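Chain by chain, the residues run as shown.
2 protein chains.
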Amino acid sequence: MAKKQLVVGIDIGGTNTVFGFVDREGNILAEDRIKTAHYEKIEEYVAALYEKIMVTQLKIKDENEIIGFGIGAPMGNINKGTIEYAAGLPWKGIIPIADLFKRYTSLPVVVTNDANAAAVGEMIYGGARKMKNFVVITLGTGLGSGFVIDGKLVYGHDGFAGELGHTAIRPGPSNRECGCGRKGCLETYVSATGLKRTLLKVMADSIQPSELRKFSFDELDAELIHEAAKRGDDLAKRAFEHTGRMLGFKLADVVAHTNPEAIFLFGGLALAKELIFEPAKEFMEENLLHIYKGKVKLLPSELSTQNAAVLGASSLIWSIKEL
Amino acid sequence: MAKKQLVVGIDIGGTNTVFGFVDREGNILAEDRIKTAHYEKIEEYVAALYEKIMVTQLKIKDENEIIGFGIGAPMGNINKGTIEYAAGLPWKGIIPIADLFKRYTSLPVVVTNDANAAAVGEMIYGGARKMKNFVVITLGTGLGSGFVIDGKLVYGHDGFAGELGHTAIRPGPSNRECGCGRKGCLETYVSATGLKRTLLKVMADSIQPSELRKFSFDELDAELIHEAAKRGDDLAKRAFEHTGRMLGFKLADVVAHTNPEAIFLFGGLALAKELIFEPAKEFMEENLLHIYKGKVKLLPSELSTQNAAVLGASSLIWSIKEL
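So the sequences go chain by chain: Z and L.
For the first sequence, position 187 matches number 186 in numbering that gives the first Met the number 0, and the numbering has no gaps at all.
For the second sequence, position 58 matches number 57 in numbering that gives the first Met the number 0, and the numbering has no gaps at all.
In short, the hints are calculated from the structure, not lab data.
These figures come from a predicted structure and were not determined experimentally.
All clues stand as given, with none of them false.
A pair holds if it fits inside one copy or across any two, identical chains being indistinguishable in the list.
As a list, the in silico DMTMM-like pairs of lysine to aspartate or glutamate whose alpha-carbon atoms are at most 25 angstroms apart:
id	residue 1	residue 2
1	Lys-129	Asp-157
2	Lys-129	Asp-149
3	Lys-296	Asp-157
4	Lys-131	Asp-149
5	Lys-79	Asp-149
6	Lys-91	Asp-157
7	Lys-280	Asp-157
8	Lys-236	Glu-210
9	Lys-131	Glu-260
Given only the sequences and the hints, what does the whole structure look like? Please build it.
See below:
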């Protein structure tokens, strides 16, 4: 019997690096992790990671062969195989992560950011399997996006396409400071953190009681606000409403730029379902030119949040293999 | 000697339809026109146009063969070969213009809108000849845009990608009514008409004298305002400044979506050179995430305004031939 082909999907986060052995159907046959933050030197990190991957491969029962390594990382640059100035990782400057991996293997090594990986994952394993033109928006601590046009991930000239989180909500001064050093970026409104900030603004402006008034900013998270909104808390509902509207406003821009078949929402905030989808859809439609109205689907991602980063990273290799 | 291959580029405007016989280098060997508005029935229009094209071909001295027809039209849909609900043309609804042409010819017939045609024209004959990722913004009565990614024009799922003119400048209510029925679209600010509207606003707010105060709205045009600005008229300069800033603000979105190598400005307003380029560049850079800063070129189109529509339309055929 032929050996089963597997891809190693690697998700590099600030705390942990999680990896898994993934087959073409998106099953994870084995997985493990190492502590990213333990390795000050990138060379030591790659050596430890590669060794752990080789050890983990031995645990898979079926005969198998690895056909490539897909890496998802913040500020991963797919053109150059680098991680560039990622604030949350221990290594500074431009890290040639693909080249460092290639000291150990002659197999393909592909690097990209989490949102691009999520987009390719949606195309290979998820709801975009039959689509050629779509966009995935990842809603976590920040807001990321990956564009697929004509069946291919859009890299852009410098490898940094799809930074929708850092488009501004309006021209001129805005109040909300962004981690990128500017003000008024979309992710200061539309993200788990953005939702918290909006809730504080709503609580400041309103005199209505709310079960959330007893929590500090640090204690609050998207799930608490989601639970309160489900129980009918008016301020929590208003915070979601505003978040969805800001998202919908900028999704209309996405449609006018690249006219996708669908836009998928992925990540924590997307789990709030109609609380975020309804205002987003409504405000998107309101801001669409007539030729687009009613045509673009706004859908929840079909990747499970739990494994999505590893699946997305692994999908990069299947996608280049199938081109 | 082999026959010279030529493409017929056709520019359908509300008043005239201009066509030309174009070689691979962008030379127009013969051209002529018919009156669009004379033909109430689309079938009669296509018959008259095709006949005129055939008659004009006889005037070309060199032996030649036509290899295809490229059509640029408002609301031209490249996926379907149709013109859909174009407000400025005599025919209503969805016009299957490519199919109507194919009654007379078995050669390829490609249809798209003016801005997409300008983008392909820039790639085939103009300043984007070596580029794979760029955007062309056409600044005329309105604002159009064409995206090229990975060497290919972006159509989008419904064939309507690149309607940047109808993205909104801010969320929520805006004063400026747009011809599309909504408010606050980019082209209500950034276009020849947008410039006039901004000038009126500036004149309303200011008490400064201006040579332009003697002109009515109907009398004003972009050229008058441009001439006044060149002579140092402060209000005219302010109108250009604001127009450029609004453009730059939304160009930052273009960069964050698709990360192009360059953005080309084409059309009347682009001829105002630094009056529009300087504020656009400055405000674009101000609104860019650090990874993009200083990397994206903002350039004037290298297609001459006079022939660009015909060249752009013809370029569609060369681009499919060379894929």
